[in-house]
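A.B. asks: As a plain string of letters, each chain reads:
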Amino acid sequence: MNGRGFDRAREDVAAPGTVDGEAPARPIRLQVNNLDFFYGRHQALKDVNVGFPAAGISAIIGPSGCGKSTLLRAMNRIYALYPGQRASGEILLDGENVLAPSYDVGRLRAQIGMVFQKATPFHLSIFENIAFPLRHYERLSRAQQSERVEKALRQAALWDEVKDQLGRSALALSGGQQQRLCIARTLAVRPEVVLMDEPTSALDPISTARIEELLAQLSLDFKVIIVTHNLQQAARVASHVVFMFEGAMVEEGSHEQIFLSPKQQKTSDYVTGRFG
Amino acid sequence: MRWNEISRRVRGRRVAGAAGLSLATAATLFGLVWLVWILWTTAADGAAALNVRLFTQMTPPPGSEGGLLNAFFGSFLMVLMAVALAAPVGLLAAVWLAEFARTSRLGVVIRMINDVLLSAPSIVIGLFVYQLAVRPVGHFSGYAGACALAVILLPVIVRTSDEALQLVPQTLREAGLALGLPHWKVTANVLIRAASAGIVTGVLLGVARIAGETAPLLFTSLNNQYWSANPKTPMANVPVVIFQYAMSPYDTWHALAWAGALALTVFVLGLSILARLFFRHRTAR
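Residue numbers (this note's numbering), protein chains in the order written: chain A, 1 to 276; chain B, 277 to 561.
A few of these clues could be false.
[Said to hold, decoys possible] A few chain B positions that, by computed beta-carbon distances, are all more than 10 Å from chain A: (1) 297; (2) 333; (3) 345; (4) 396; (5) 443; (6) 458; (7) 555.
[Said to hold, decoys possible] Derived pair list, reagent style SDA-like, types lysine to any residue, alpha-carbon separation capped at 20 Å: (8) A/118 - B/469; (9) A/263 - B/442; (10) B/461 - A/256; (11) A/118 - B/443; (12) B/461 - B/377; (13) A/163 - A/148; (14) A/118 - A/65; (15) A/118 - B/442; (16) B/461 - A/145; (17) B/461 - A/140; (18) B/461 - A/125; (19) B/461 - A/136; (20) A/118 - A/139; (21) B/461 - A/138; (22) A/163 - A/143; (23) B/461 - A/128; (24) B/461 - A/151; (25) B/461 - A/65; (26) A/163 - A/124; (27) B/461 - A/124; (28) A/151 - A/190; (29) A/46 - A/56; (30) B/461 - A/110; (31) A/118 - B/447; (32) A/263 - A/252; (33) B/461 - A/79; (34) A/118 - B/444; (35) B/461 - A/81; (36) B/461 - A/137; (37) B/461 - A/105; (38) B/461 - A/139; (39) B/461 - A/135; (40) B/461 - A/127.
These are calculated hints, taken from the structure and not from any lab test.
None of the values given here were measured: they were computed from a predicted structure.
Backbone N, C-alpha and C define an ideal beta-carbon position, used for all residues, glycine too.
Chain A with its partners taken away, still in its complex shape (with noise of 0.2 Å):
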C-alpha cells in the first residue's frame, strides 16, 4: 500500500467541472459529460453529468432500471463487448476522455477496475487468479509474483484463510471469499479507480458485512465507486452519493446532503422509501 491514490488526488486538484453551487472544492477525479447510452434503440443514460470526487467511497443509487449500473458498465467501456450498446459524450478520467476511440481499452481498463454482482474466480488455482492477469502486465520472478500475490490478498482481507491453500482451486473457495478474491485480483493490477457493480448482493449479510469493511479501508488507496440498490449500505459505505432516476442524475452530493437535506424532491421521496 503505497497510497498513491492520495498522493495523485492532491496533485490534481484544480480539475474542471466540479459540482455546481456551494462549496465544492473537493478535487474531482472522474468526470462525466452529457453522456448518453443506447441499448439498440433503447435509450437507457439521458444526458448524464456528474463529477466523482478523487477521494472515498462514491455510490450510485436510484431503483432498478434507473441506469445506475449502465453508467458505471461506460466507465471502462464493458459495454464494447456487446455490438448493439453505444454510448456517446465524455468520461474524463484525470482530464483526458477515456470514451474516446483511441483511448487504449486495455490501458483504460488496468486503470478503472472492476468488480462484478457475482463472484467470477477463473477455474484456476487462488494463486493464479491474482498472478495470471498480473503478469500480462509485469514481467514478474516468481518471488515477486508471490509477493504481489500476497499483498493482494491482504488488501482484501483474505490472505488469512487462504495463505496455506493458494495452489487450490478457487472454485471451492466460498462465496464471499470468491467476491474478495476476485477484488484482490483487480487490486493486483494497481488500478486508481475500482468499480463495483453490486458487489454483495449475492452474499449472506457476514460476508456482506467483510466486504464493507473491506471497502473502508480500500477507500484509502483507490477511489471506489459502487452501485448498490441498498441505500443501507449506501448510507453505511459512501461519502458522495449520486442518485439517478429513469436514465438521469438526479442529484448528487455528500452523504449527508443526500441523506438528510436532498434538493429534490425524487431524491427526499426515494431515500425516505416512499418508492423504489
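Once you have looked at the hints, place chain B on chain A.
C.D. replies: Just chain B now, with coordinates in the frame of chain A:
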C-alpha cells in the same frame, strides 16, 4: 359451471392423460426392444468368439485361426491421427465462432454449413477423400483413412466446442476483459478452461462416432490382412474387417466379425460413459 360437468371434464382429461402415457411408454419400449436385441446378439455371439488370440494374432486366411490385432492397431492409429488433425482445427474454429463471430452473419452462415457437414453421409465423405488422397497417390492408405475420419470428426468438435464456449457465463468473459486482458488471452486462459468439460466430452463422443465408421474407410484405408504400422500403406481396421468377414462364407471369419463387433461396442459404450463421468466430475464443482 355445474359440479357434475366439472367432474366429467376431469374424467375426460384423466382418460386422455392415461392414453397418452400408455402410447408414450409403448413407443419407448418399442425402441428399447431393438436396442436390447442388438446388444444381446452382439454380446452373446461376440462373447462366444472372445479369446486371447483376438488381441495377439493377425487376421487369418480363411479356415485357420487368428485374431484382430492388426485391425485394432490400425483403427487406433487412424482415430488418433484423425483427432490430432480435427481437434486443433475444430477448437480454433469454435473459438472464432463463439468468441469473435457469435452474432455476425458470417458466423451464422458458417455454423449452418457446419451443421450440414455434421449430417453429411459418411460415404460421401469417403468418396471425397478417395478423390483427393487415394486416386492421386494410386493406392489406399492409412493417412487417407485418417483424413476421412477427421473430416467426419471436425464438425462434431466445432459444434460441441462452440456450444460449450457459448455456455460459459457472460460474467466470466466480462471479468476477464474488465482486467484489461485482450479477448484472445481471456479466451485461451479462462474461457476454454471453463468450457473444457464440454469440449473434452465433445471430442470423446466424436471419437466414439468415428471409431465405428465403415463407409469412409472402405474408400480410403481399405484393409490389410497383415500387420502394418505404416500409414502410407493400406491399414486394417475393425469396421471394415467386420464388414468383410461378416459377408464371407467362412464360420471362423463370422466368429471374428462378432468378436470385433463386441469389442467395438464395448469401446464406444465405455467412451460414452467416460465422457459422461468426466463431464459430471468437471462441472460438479
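A.B. asks: Taking only the CA atoms, is the gap from residue 461 of chain B to residue 124 of chain A under or equal to 20 Å?
C.D. replies: holds, 14 Å
A.B. asks: Decide if the proposed pair is consistent with the structure: residue 263 of chain A and residue 442 of chain B, CA atoms, cutoff 20 Å inclusive.
C.D. replies: Distance ~47 Å between residue 263 of chain A and residue 442 of chain B Cα, so the pair is violated.
A.B. asks: Does residue 125 of chain A lie within 20 Å of residue 461 of chain B when you go C-alpha to C-alpha?
C.D. replies: At roughly 17 Å apart (the allowed maximum being 20 Å), residue 125 of chain A and residue 461 of chain B satisfy the hint.
A.B. asks: Between residue 461 of chain B and residue 151 of chain A, is the straight-line Cα distance small enough, at 20 Å or below?
C.D. replies: violated, 24 Å
A.B. asks: Are the Cα atoms of residue 163 of chain A and residue 148 of chain A separated by 20 Å or less?
C.D. replies: It holds: about 13 Å lies between the C-alpha atoms, which stays within 20 Å.
A.B. asks: Within a Cα-Cα threshold of 20 Å, do residue 118 of chain A and residue 442 of chain B meet the stated pairing?
C.D. replies: Satisfied, since the Cα-Cα distance of roughly 18 Å is no more than 20 Å.
A.B. asks: Check the hint pairing residue 461 of chain B with residue 65 of chain A against an upper bound of 20 Å on the C-alpha distance.
C.D. replies: Outside the cut-off at roughly 32 Å; violated.
A.B. asks: Can you confirm whether the C-alpha distance between residue 461 of chain B and residue 105 of chain A stays at or below 20 Å?
C.D. replies: At roughly 14 Å apart (the allowed maximum being 20 Å), residue 105 of chain A and residue 461 of chain B satisfy the hint.
A.B. asks: Given the hint that residue 118 of chain A pairs with residue 469 of chain B, test it: the Cα-Cα distance must not exceed 20 Å.
C.D. replies: holds, 19 Å
A.B. asks: Would you check whether the claim that residue 396 of chain B is not at the interface survives, using Cβ distances to chain A and the 10 Å cut-off?
C.D. replies: Residue 396 of chain B clear of chain A: closest Cβ-Cβ about 32 Å, beyond 10 Å.
A.B. asks: Does residue 443 of chain B sit more than 10 Å from chain A, CB to CB?
C.D. replies: Its Cβ never comes within 10 Å of chain A, the nearest being 13 Å, so this holds.
A.B. asks: With a cut-off of 20 Å on the C-alpha distance, tell me whether residue 461 of chain B and residue 137 of chain A pass.
C.D. replies: holds, 12 Å
Hints 6, 9, 10, 20, 24, 25, 29 from the earlier list are contradicted by this structure; the remaining hints agree with it.
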